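> The residues making up each chain are set out below.
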Amino acid sequence: MRYRFNFETFKTFARVWRGQMGIVAALFVTCAALTLLLPHFIGVANLTNVVRQVSINGILAVGVTLVLLTGGVDLSLGSVVALAGVTAAHLAHPGDYPAAVPVLAGVAAGAACGAVNGLLVALCRVPPFIATLGMMTAARGLALALSGGRPVSNMSEGLTALAGDVGFVPAPAMILAAVAALAWWSLRNLRQGRYIYAVGGNEQAARAAGIPVRGVKALAYTMCGALAGLAGVVLAARITTGQPNAGAGYELDAIAAAVIGGTSLAGGVGSVGGTILGVLLLGVIGNGLDLLNVSSYYQQIVKGVIIVGAVWFDRRKRV
Amino acid sequence: MRTALSLALALVCGCGRNQSADDRGKSPVVGVSLLNMANEFIVTVHDAMSERAAETGVRLIVNDAQRSPERQVQQVENFIARRVDAIILNPCEMEASSPAVRKAVAAGIPVINVNSETAAAPAAFVGSRDEESAELAMEHIARRLEGSGGVLMMEGYMGQAAQLKRSAGARAVLAKYPGLKLLAAQSAEWDRAKAVTLMENWLQSYGSACRAVFAQNDEMAMGAMLAIERAGRKGDIMVVGVDAIRDALKAVRDGRMEATVFQDGRAQGRGAIEAALRLIRGETCEPQTIIPFKLVTRDNAEAFQ
Numbered sequence: 001m002r003y004r005f006n007f008e009t010f011k012t013f014a015r016v017w018r019g020q021m022g023i024v025a026a027l028f029v030t031c032a033a034l035t036l037l038l039p040h041f042i043g044v045a046n047l048t049n050v051v052r053q054v055s056i057n058g059i060l061a062v063g064v065t066l067v068l069l070t071g072g073v074d075l076s077l078g079s080v081v082a083l084a085g086v087t088a089a090h091l092a093h094p095g096d097y098p099a100a101v102p103v104l105a106g107v108a109a110g111a112a113c114g115a116v117n118g119l120l121v122a123l124c125r126v127p128p129f130i131a132t133l134g135m136m137t138a139a140r141g142l143a144l145a146l147s148g149g150r151p152v153s154n155m156s157e158g159l160t161a162l163a164g165d166v167g168f169v170p171a172p173a174m175i176l177a178a179v180a181a182l183a184w185w186s187l188r189n190l191r192q193g194r195y196i197y198a199v200g201g202n203e204q205a206a207r208a209a210g211i212p213v214r215g216v217k218a219l220a221y222t223m224c225g226a227l228a229g230l231a232g233v234v235l236a237a238r239i240t241t242g243q244p245n246a247g248a249g250y251e252l253d254a255i256a257a258a259v260i261g262g263t264s265l266a267g268g269v270g271s272v273g274g275t276i277l278g279v280l281l282l283g284v285i286g287n288g289l290d291l292l293n294v295s296s297y298y299q300q301i302v303k304g305v306i307i308v309g310a311v312w313f314d315r316r317k318r319v
Numbered sequence: 001m002r003t004a005l006s007l008a009l010a011l012v013c014g015c016g017r018n019q020s021a022d023d024r025g026k027s028p029v030v031g032v033s034l035l036n037m038a039n040e041f042i043v044t045v046h047d048a049m050s051e052r053a054a055e056t057g058v059r060l061i062v063n064d065a066q067r068s069p070e071r072q073v074q075q076v077e078n079f080i081a082r083r084v085d086a087i088i089l090n091p092c093e094m095e096a097s098s099p100a101v102r103k104a105v106a107a108g109i110p111v112i113n114v115n116s117e118t119a120a121a122p123a124a125f126v127g128s129r130d131e132e133s134a135e136l137a138m139e140h141i142a143r144r145l146e147g148s149g150g151v152l153m154m155e156g157y158m159g160q161a162a163q164l165k166r167s168a169g170a171r172a173v174l175a176k177y178p179g180l181k182l183l184a185a186q187s188a189e190w191d192r193a194k195a196v197t198l199m200e201n202w203l204q205s206y207g208s209a210c211r212a213v214f215a216q217n218d219e220m221a222m223g224a225m226l227a228i229e230r231a232g233r234k235g236d237i238m239v240v241g242v243d244a245i246r247d248a249l250k251a252v253r254d255g256r257m258e259a260t261v262f263q264d265g266r267a268q269g270r271g272a273i274e275a276a277l278r279l280i281r282g283e284t285c286e287p288q289t290i291i292p293f294k295l296v297t298r299d300n301a302e303a304f305q
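These protein sequence lines are chains A and U, in that order.
Using the working numbering, read the first sequence as starting at 1 and increasing by one per residue.
Using the working numbering, read the second sequence as starting at 1 and increasing by one per residue.
The shape of chain U in the complex, shown without the other chains (with noise of 0.2 Å):
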């Protein structure tokens, strides 16, 4: 209802053409297409930039892109024939979401990247880096183990940018400790179940060497911990994820899951209003403001809830 409402004030705002927001006197109009509002980070990426956008007096217009570049740039082409004052983009795929940027730039309207990159070159980036979070959780395991040891990687959905920084950053780190031995690494699609099955086989084939699992998300973090703690060896594998999901703070609270990396979706949601009034306003925005990721162990569980 508030998105058609939004969407409604958009249309009417948006039919004094080439006229910017301060001529009008009226708050200005940020269109937002996110990758995909059934994922809970993303939510909170959302949630953080509505309450900003609240406190600043921006109007937002959000769209779902359900995870697919076309939708998106389609979305991107109605915010466009709407001239909104500034475009948040939350790109779908690095290659196939630049269609989307290029138009904007074109049309003069500044795009803000959140969350993640696109080929084409928008007017700011806010987000994190995403080898630092696989970086972060190596070293960790590395630190634990103290430089040896066998060492499982899952894998996100091939081909993916996260999956293949987060194996680049995880990869980086292993490079620097020969001790360390990559037994195997394998794609669990960042699913939960698929993970609990990897993890089975797994423990069929590494069960006696393997020291530690680094899963790309915390979901197959999850699963694999579940294998592990089913086949009775919860003592001896230790489980770092990434992403600080609910369920998984718990687990590394309950002392079930080693350790997890915060990605902060708050300030990379509040970052990018930011950003956009800056545009907006013609003041200078920096072109990349990386919120660093934070290693969540037992004793600072407490802090991220």
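With the rest of the complex left out, here is chain A (with noise of 0.2 Å):
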């Protein structure tokens, strides 16, 4: 059993690197280039800042490749990091609790937004670009409301520590790392991760054999807002506030990420080691640029060719 264990998963690593051949060459010719231009690119503190640096875009695109691969989207990301960083503040000034308070607040805070979410697809039938986009404004509004438009400070060490380093490796990047180690087995080895693709990759056929379509759905939503509870808490730490202004646009990095990892929009196809090699690319891409000193309007325009670059490479390939 262990034995076979092992198999599978090497199996499983062999296969997401023959899926993956693309990026993961865009992710090498990146950091060659990089490391001929700025020989400290490469240096440990530099790769530590990147792997700090990309340590919330990552959190929220494993979320959000969940509910891609059940053929859905999540435009609330950004609102909820909001909400819930400044929940988990509100709750996380020095000698209120332990900081496990906070950041399970925060936490339940996302899980409560993605399981509205959750509740509006799948049991409404509202389609999942509106329903998000609700509660992308809903969210962000509460979290104004929450803090009075003002940033909530004040923070306890014992929160901020999420954002500091263990020995030498950043936490956010060992909680990262945890999270999509996670997500990877669940989608492997539960019955409900296998669910997930066969709702994405073909609803009604999942439903004639007997899978709880809308019970599979609401769950990803809710794993999905819980993830990106989780970012926002991570987020309050390393800017050792809560921001009901912060976290704009993240939920566009988050599915481009997941996106030029292979993750389709159309659902079904899609995986957490590509959208992980996604998150390193953009990280890298962007670390890049400011050590290179690249003029913020040109940054833009790289990231944008960058982007669509990678998926059309991706798809060329395939067909």
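No lab work stands behind these hints: they were computed from the structure.
It cannot be assumed that every hint is accurate.
[As the list claims (entries may be wrong)] Label-pair ranges, simulated between beta-carbon atoms:
| id | chain 1 | residue 1 | chain 2 | residue 2 | range |
| --- | --- | --- | --- | --- | --- |
| 1 | A | I42 | U | T297 | 39 to 45 Å |
| 2 | A | N154 | U | D47 | 18 to 24 Å |
| 3 | U | A231 | A | V29 | 25 to 31 Å |
| 4 | A | R194 | U | Y157 | 43 to 49 Å |
| 5 | A | A209 | U | A231 | 51 to 57 Å |
| 6 | U | R67 | A | W312 | 30 to 36 Å |
| 7 | U | S208 | A | M174 | 45 to 51 Å |
| 8 | U | G207 | A | A205 | 53 to 59 Å |
| 9 | A | A161 | U | R67 | 31 to 37 Å |
| 10 | A | F129 | U | A231 | 40 to 46 Å |
| 11 | A | G249 | U | T297 | 45 to 51 Å |
| 12 | A | R207 | U | L164 | 55 to 61 Å |
| 13 | A | A138 | U | S148 | 51 to 57 Å |
[What the hints assert, rightly or not] To list a few chain A residues with every Cβ distance to chain U over 10 Å, as calculated:
| id | residue |
| --- | --- |
| 14 | A45 |
| 15 | G95 |
| 16 | I175 |
| 17 | Y197 |
[As the list claims (entries may be wrong)] So, partial list: chain A residues that the calculated Cβ filter (under 8 Å) puts toward chain U:
| id | residue |
| --- | --- |
| 18 | N46 |
| 19 | N49 |
| 20 | L144 |
| 21 | G149 |
| 22 | S153 |
| 23 | L235 |
| 24 | T241 |
| 25 | D290 |
| 26 | N293 |
All values derive from a computational prediction rather than experimental measurement.
C-beta: ideal position from N, C-alpha, C; glycine also.
Starting from the two chains in their separate frames, assemble the complex, guided by the hints.
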């Protein structure tokens, strides 16, 4: 049994590697080019920076991958990040509660938003684009109302430690690694994980096969919301405040990372491993452009071209 | 609720076309369209306006344009339709908000621009000269570094009036000090989280040469400060911001941030109401009331609370 598990794991790695050749090559070429231009790019200090900086987008991207796999989309991520951050910051003043309370409250706030999205999509049959667009506006409003439009500061060190380093490894990167490993394992080994692929691949067939389609969708949105809540708490720890305006546009970065990593917007196709590669590619490019001191105008152009280029390359390869 | 009530009142009062407030013997009504009520600074301007309006018996109708110039133009159209006595505009955008000013002027309603300008000329402008904030900040850096050393500049959202003017002000001062070297200037889009990331990356490239960071607002200054502290470089790189938000004032008092620049939102808000009253009464009004910025360092931070 144990041997079989290891063998399966190996086969999966091989399959992920084969499916992701394009993006692995892109990542390798980008890193090699940056190393030639800037020797300190490949230094431990800078690589630590990169993994710290990609963590928040990484957690969001893993979450949105679950939703994209069901054939849905979640546009509310950025607003939920702000709401969770404000919620956590409110409960994280020094001497208030142990750090676990604000962390759990932030995750719970995110999960609640996700659950509402899931109910709207699965039970009320509101198109995901519209349901989560509504949540995007509502969660932002709630974050503003909760904070009175002002940043919530005075955060305990227990919570800011979430953005610190454990030895040489940034804590946010460890959180991302744990989230990614858990999501990867669940999608492969849990029944609900396989159902997510089935629902996104062919909803009618899944229903005919007796898969509880509504429950699976609600679960995916709730998990995605909970991860957005977690990302919001990590972001608040990183900037030592709960910012009601934080996270604007984060959903697009997360979706871009997932799609670059081979996740299909039509559902049913994609993997956590690919998403993490997409997150790393976007992160390395952002870091490299800053190190090279490329003008802010051109940075936006480069990012746009890379997002479209990576997906185009990927599709061309598959057809 | 109060807004709804004043809206209803304004509708009732606004029925008497072409009558000035004095003819009706009622308190004057002023329509206010604000850039964004989710912005701490704009909230300060708004609170000062409501306070001064209550003192002088002016009724305010306050609308939030939520950063949309198009919504702002609609709001001003509604004010014109209601025949308000004056309009206070906190423009979203220099060009795109200009039609609002032109329409009100054509309808014979005096317009007061507060905080930022439009291309179209209003009856009065009450605000500050944005270049001055960056000049004060950069002059302070030059003084503290005794005119030599590497400087980094974090810019606001590219293309916005505040970013363009603060960059111009900072570069004008840098030109006076050949020993001050601008190592890099990049946008962190006014955002604290983006500023942390940018500063982490800058520390990789310019960590040894950099002596000071000028951030065009305090949110970004707070982000730069956090990244510098986490890298253990607090002693050797100073951070200067603009806006004097609460977090920044505390950081300056605690010696974590070198300085910030205070923009007097209260004086702007009260000044706008004063200008509106003068114009409604037909008195002369200065076409430009410039409220000066003030440098805030550890020595005087207590005074700004």
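> Now look at each hint and say whether the structure bears it out.
The hints, checked one at a time:
Taking the beta carbon of each, A:I42 and U:T297 are about 40 Å apart, inside 39 to 45 Å as hinted. Remark: the range hint 18 to 24 Å for A:N154 to U:D47 is upheld by a beta-carbon distance near 22 Å. Take U:A231 and A:V29: their Cβ atoms lie about 29 Å apart, and the range 25 to 31 Å holds. The supplied range of 43 to 49 Å is met by A:R194 and U:Y157, whose beta-carbon atoms lie about 45 Å from each other.
Hint check: A:A209 to U:A231, Cβ distance near 54 Å, so the stated range 51 to 57 Å holds. The hint said 30 to 36 Å for the Cβ distance between U:R67 and A:W312, and at roughly 33 Å that hint holds. Our hint of 45 to 51 Å for U:S208 and A:M174 is violated, since their Cβ atoms are close to 29 Å apart. Between U:G207 and A:A205 the beta carbons are some 57 Å apart, a value that agrees with the proposed interval 53 to 59 Å.
For the pair A:A161 and U:R67, the beta carbons lie near 35 Å from each other, so the given range of 31 to 37 Å is met. At roughly 41 Å, the beta carbons of A:F129 and U:A231 sit within the given window of 40 to 46 Å. At about 35 Å, the CB distance of A:G249 to U:T297 disagrees with the hint of 45 to 51 Å. Distance hint check: the CB atoms of A:R207 and U:L164 are about 56 Å apart, consistent with the given range 55 to 61 Å.
Distance hint check for A:A138 and U:S148: the Cβ-Cβ separation is about 53 Å, which falls inside the suggested range of 51 to 57 Å. The Cβ of A:A45 does not lie farther than 10 Å from every Cβ of chain U; its closest approach is about 6 Å, which violates its non-interface assignment. The claim that A:G95 lies off the interface holds: its Cβ sits roughly 17 Å from the closest Cβ of chain U, which is beyond the 10 Å cut-off. Remark: the non-interface label on A:I175 is consistent with the geometry, its nearest Cβ contact in chain U lying 16 Å away (cut-off 10 Å).
The beta carbon of A:Y197 is kept farther than 10 Å from every beta carbon of chain U, the shortest such distance being approximately 33 Å. Annotation: interface hint on A:N46 holds; nearest CB of chain U at approximately 5 Å, less than 8 Å. With a cut of 8 Å, the hint placing A:N49 at the interface with chain U holds, because the nearest CB-to-CB distance is about 5 Å. For A:L144, the interface hint holds, since its Cβ comes within 8 Å of a Cβ in chain U; the closest pair sits about 5 Å apart.
Annotation: interface hint on A:G149 holds; nearest CB of chain U at approximately 5 Å, less than 8 Å. Annotation: A:S153 was flagged as interfacial toward chain U, and the flag holds, the nearest CB pair being 5 Å apart, inside 8 Å. For A:L235, the suggested interface contact is upheld, since its CB lies about 6 Å from the closest CB of chain U, less than 8 Å. A hinted interface residue such as A:T241 counts as satisfied when its beta carbon comes closer than 8 Å to some beta carbon of chain U; here the least separation is about 7 Å, so the hint holds.
Look at A:D290: its Cβ gets to within about 4 Å of chain U, closer than 8 Å, so that hint holds up. This hint holds: A:N293 has a C-beta 5 Å from the nearest C-beta of chain U, less than the 8 Å allowed.
Violation of the numbered hints given earlier is confined to hints 7, 11, 14; the remaining hints are satisfied by the structure.
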